[in-house]
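Protein chains: 2
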Amino acid sequence: MKVTVKIMLKNGVLDPQGKAIEHALGGLGFEGVGEVRQGKVITLEMEDGMDKEEVHAQVVRMCESLLANPVIEDYDIEII
Amino acid sequence: MKVTVKIMLKNGVLDPQGKAIEHALGGLGFEGVGEVRQGKVITLEMEDGMDKEEVHAQVVRMCESLLANPVIEDYDIEII
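Residue numbers (this note's numbering), protein chains in the order written: chain H, 2 to 81; chain Z, 2 to 81.
Just so you know, these hints were derived from the structure itself, not from any lab. The reader is advised that the hints may include incorrect statements.
Identical copies carry no separate label here, and so any pair may be met within one copy or between two of them.
[What the hints assert, rightly or not] When the alpha-carbon atoms are kept at most 25 Å apart in a straight line, the in silico BS3-like pairs for lysine-lysine are as follows:
hint, residue 1, residue 2
1, K3, K53
2, K41, K3
3, K20, K53
4, K7, K53
5, K41, K7
6, K20, K7
7, K20, K3
If you're wondering where the values come from, they're calculated on a predicted model, not measured in any experiment.
Construct the complete structure from the given sequences, taking the supplied hints into account.
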């Protein structure tokens with residue numbers, strides 16, 4: 002079972018990496034680009050045969066304790 | 002128009018960040034976790050009214066020239 006976790010800074014939290022990309026794209030001549038934000042994506046290979054809801058609950062615990070900083074980041078879990 | 006670009010190291014390219022997360026999850030007592038890989042996700046706000054195919058071609062150029070390292074990274078573009 003494959004789990005994808007997308008972690009982005011919350012709206013309103015300053016994202017210097019995104020801003021740097023935004024400026025670099027402008028400098029390279031790309032037009033029509035508005036706000037750019039950068040986050041991280043983590044893919045986990047989980048043991049097959051586990052209950053999907055159980056896996057979801059486990060990945061939420063992983064996010065809260067290690068993968069994300071819940072104070073400033075939002076996470077989105079997708080299980081395939 | 003919102004564009005999401007997911008950038009991951011190609012299969013076979015060593016991913017030390019992913020390995021570090023894998024070990025940390027094991028150390029925290031999470032079981033049944035196989036391979037972990039970490040990548041980045043970039044969201045771009047593009048001007049509305051642009052042609053979708055044109056936007057896609059433009060984002061491919063952004064990936065090749067700035068966002069990704071096409072030698073070791075794969076990218077996946079999603080336009081909403």
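Which of the numbered hints above does this structure break?
Failing hints: none at all.
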